[in-house]
Amino acid sequence: MVLDDLGSSLRGTLDKLRGKSRISEEDVDEIVKEIQRSLLQADVDVSLVMELSDSIEERALEEEPPGGTSARDHVLRIVYEELVDLVGDSTEIPLENQTILLAGLQGSGKTTTAAKMAWWFSKKGLRPAIIQTDTFRPGAYDQAKQMAERAEVAFYGDPDGDDPVKIARDGLDATEDADVHIVDTAGRHALEDDLISEIEDIESTVEPDRSLLVLDAAIGQGAKDQAREFDDSIGIDGVAITKLDGTAKGGGALTAVDETGSTIAFLGSGETVQDIERFEPDSFISRLLGMGDLKQLTERVERAMEETGLKEDDDWDPEDLMKGEFTLKDMRKQMEAMDNMGPLDQVMDMIPGMGGGMMDQLPDDAMDVTQERMRNFSVIMDSMTEDELENPRSIGASQVRRIAKGSGQSEETIRELLDQHKMMAQTMKQFQGMGDGDMQRMMKQMQQGGGGGGGGGFGGMF
Amino acid sequence: MFDGLKDKLSNFREDAEEVAEENAEELDSDEAAGAESEADVAEADAEAADVEGEAAEPEAEAEESESSSGGFVSKASSLARGRVVIDEEDLDGPLRELELALLESDVEMSVAEEILDQIRADLVGEERKFTESTGALVEDALRDALLSVIDVNGFDFEEAIADAEKPVTVVFTGVNGVGKTTTIAKLARRLEDQGYSVVLANGDTYRAGANEQLQEHADNLGVKLISHEQGGDPTAVVYDAVEYAEANDVDVVLGDTAGRLHTSSGLMDQLAKLDRVVDPDYTVFVDEAVAGQDAVNRAREFDDAASIDGTILTMADADSQGGAAISVSHVTGKPILFLGTGQGYDDLQKFDPEALVDDLLAD
Chain A
11 MVLDDLGSSL
21 RGTLDKLRGK
31 SRISEEDVDE
41 IVKEIQRSLL
51 QADVDVSLVM
61 ELSDSIEERA
71 LEEEPPGGTS
81 ARDHVLRIVY
91 EELVDLVGDS
101 TEIPLENQTI
111 LLAGLQGSGK
121 TTTAAKMAWW
131 FSKKGLRPAI
141 IQTDTFRPGA
151 YDQAKQMAER
161 AEVAFYGDPD
171 GDDPVKIARD
181 GLDATEDADV
191 HIVDTAGRHA
201 LEDDLISEIE
211 DIESTVEPDR
221 SLLVLDAAIG
231 QGAKDQAREF
241 DDSIGIDGVA
251 ITKLDGTAKG
261 GGALTAVDET
271 GSTIAFLGSG
281 ETVQDIERFE
291 PDSFISRLLG
301 MGDLKQLTER
311 VERAMEETGL
321 KEDDDWDPED
331 LMKGEFTLKD
341 MRKQMEAMDN
351 MGPLDQVMDM
361 IPGMGGGMMD
371 QLPDDAMDVT
381 QERMRNFSVI
391 MDSMTEDELE
401 NPRSIGASQV
411 RRIAKGSGQS
421 EETIRELLDQ
431 HKMMAQTMKQ
441 FQGMGDGDMQ
451 RMMKQMQQGG
461 GGGGGGGFGG
471 MF
Chain B
73 MFDGLKDKLS
83 NFREDAEEVA
93 EENAEELDSD
103 EAAGAESEAD
113 VAEADAEAAD
123 VEGEAAEPEA
133 EAEESESSSG
143 GFVSKASSLA
153 RGRVVIDEED
163 LDGPLRELEL
173 ALLESDVEMS
183 VAEEILDQIR
193 ADLVGEERKF
203 TESTGALVED
213 ALRDALLSVI
223 DVNGFDFEEA
233 IADAEKPVTV
243 VFTGVNGVGK
253 TTTIAKLARR
263 LEDQGYSVVL
273 ANGDTYRAGA
283 NEQLQEHADN
293 LGVKLISHEQ
303 GGDPTAVVYD
313 AVEYAEANDV
323 DVVLGDTAGR
333 LHTSSGLMDQ
343 LAKLDRVVDP
353 DYTVFVDEAV
363 AGQDAVNRAR
373 EFDDAASIDG
383 TILTMADADS
393 QGGAAISVSH
403 VTGKPILFLG
413 TGQGYDDLQK
423 FDPEALVDDL
433 LAD
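Protein chains in written order, with the working numbering: chain A, 11 to 472; chain B, 73 to 435.
Bear in mind the hints are in silico, worked out from the structure with no lab data behind them.
As the structure is a computational prediction, the values presented were derived from the model and not from experiment.
Stretches of chain A that chain B covers, calculated by requiring three or more beta carbons in the stretch to come under 8 Å of a beta carbon on chain B:
#1 117-124
#2 142-149
DSBU-like, lysine-lysine: derived pairs with alpha carbons at most 35 Å apart:
#3 Lys30(A) / Lys43(A)
#4 Lys415(A) / Lys345(B)
#5 Lys422(B) / Lys345(B)
#6 Lys296(B) / Lys345(B)
#7 Lys345(B) / Lys238(B)
#8 Lys238(B) / Lys296(B)
#9 Lys422(B) / Lys238(B)
#10 Lys176(A) / Lys296(B)
#11 Lys432(A) / Lys339(A)
#12 Lys80(B) / Lys43(A)
#13 Lys43(A) / Lys78(B)
#14 Lys133(A) / Lys339(A)
#15 Lys134(A) / Lys176(A)
#16 Lys345(B) / Lys339(A)
#17 Lys134(A) / Lys339(A)
DEER-style ranges, computed between Cβ atoms:
#18 Asp321(B) / Gly171(A): 36 to 42 Å
#19 Glu422(A) / Gln421(B): 53 to 59 Å
#20 Ser182(B) / Asp95(A): 26 to 32 Å
#21 Lys415(A) / His300(B): 30 to 36 Å
Built from N, CA and C at the ideal position, the CB exists for glycine as well.
With the hints as extra help, turn the sequences into a complete structure.
In structure tokens, the structure reads:
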């Protein structure tokens, strides 16, 4: 996630202030150094970092903490206010007819982002069309076309054309009945004058309502110059950050929004068309604070439940969890649903009490290990009989041996699965008293439960 | 590329020299060491006044407060032998400036710290004779520190291709969108120009449009492409290409792979499998020169999954920083082989660390 490390290192530093009512200059000095370090490691522009840390330092020393506020909360508030100030709001994307132009360096992920945005608009009930104007890179047309098919949206391109401006103009005509036109362009960088003038021509032809700069989360200090040049030539209204599922922190995006006076619009975090989120400053800040992000989580859970439930031959209903016996079949469904929500660490990050501070304490590969375990578990379940899935408690030693042979997993893993199921069945029993399976209420319940048993039935897996 | 770094390095050199000189001269006059240095003192002072304030001021302060304390005895004793010692405190200011300069150039933080440590170790406590030029001292330290991180081993890609038994198999790895496919096309052109025959293998069976992209390059270059349909096993594609090369006396197999983020353990396992089954002669990691702090993470992860022999940095023409080159070669211990400098087939430059450092330190 954007600036993940800033959250954890900041919490660490601020914890040292716990219990203090006054902050010394040395305290502030240390905190500011820590903030600088984190921001620099997140690829935020060096001069921007210095500006930001100067004003945090000044405010922390000069402003009197309001009565009753601890030193820690005081500094925390200043840091977040400054960050919110810098990040600003999310780029306004009204749900109405519009044309969006995408620009960016080669390989920043424009074509994938175009398809993702189109998918996003289509989910909001608008009819999007993608217009591919990259005549330079071999395979660009085919890639965009295939991505558009995956997103199930209209597409226009000309594999034999060599004039991007003409393709853009023809594309707008050909997809006239679409509500949203997303114009993809060839990758270019700010120092290529001929390509910059080309995109200016495209811009004046399609007259976009918004021009978005697509930025790789891994981009370094160069983000500043690139953003400025693109802003000078076509005017940047928002930034889409891509490849956030890697380890890069996306600080270049902060630089870019600062440099262009724009805001962050979308976040991309995977290769399928669904892997896109609108940038929500609130979510961003609360994740940074380690407060979780209930809104995103609920959305994901609902989407995942929908996908899992969509399969035919299915009489399974998540609500069934709330009554009757919790079987291995239920567990498998739950695992599938979890899988559909996306990478575990992304999901965990959104659970209150699980993200932020608590994630810091888990070993780095905890999520991979867990996902690996879940995969093994599902292989094991494939080797079980219908009866065993329904009545896991009846599985004896000889059956364990048979399942081990059948699934290629160790007997120990199978026993782990059975233990896990037992634990989850117990947890579920506790929830059954709660009435209907309203996810959000369930999450809240867990949060109040101290977060320690959080993650619900999967708590024991970590 | 590297323009920004070059300016900043020269600033550091001036600052560090300044500090060392001032320090030396100050001691010099304190101890009334000789008339011939009087002129130098004046000169140094004048310089100090000229130089941009930020860097010079803090160490001037540090120096005043420190020169009388801890370091004094050692300085005095060295002075007795006609030498002077550079104090750690004296260098703090310039080193801090250098650190920021390196970070501004996208050198990864831990790598930057190592460079600083090395310079500090080289310079601090260094006894030098009055006659020795401080400038040479600082420059040597800087050069050594830079070379030690960039010039990692003597692997020369083109020599390796020339010497290897044919067919030579080279597999390219890296994250999405760094320019692996374009780089392969450029390298194919370069090898063909050098008289080798080349076959391309599209191991990117995942990305939409990957086959079409490489096919078009193959057509433009007039080389054979081995590909399977989308969704196939990348290992099988490269394996087939090697078989083809053996049967048709082709010299070099260049195998593309799908871009993948180093955090995707499934895809990284796939890469490890390809490495195991095909056992390519060389594995080249491709990354973009514009990458920032994260460049070291991914280089390390890719090196772990399928050990790399060198790196090619693309989009060097878009980047004035160049720090990724320093970080990546340092963290992998493998050299940068080429720089991609444009979108044409000939836009591939051999990377020469010595020449780079010379260029960086040139006046």
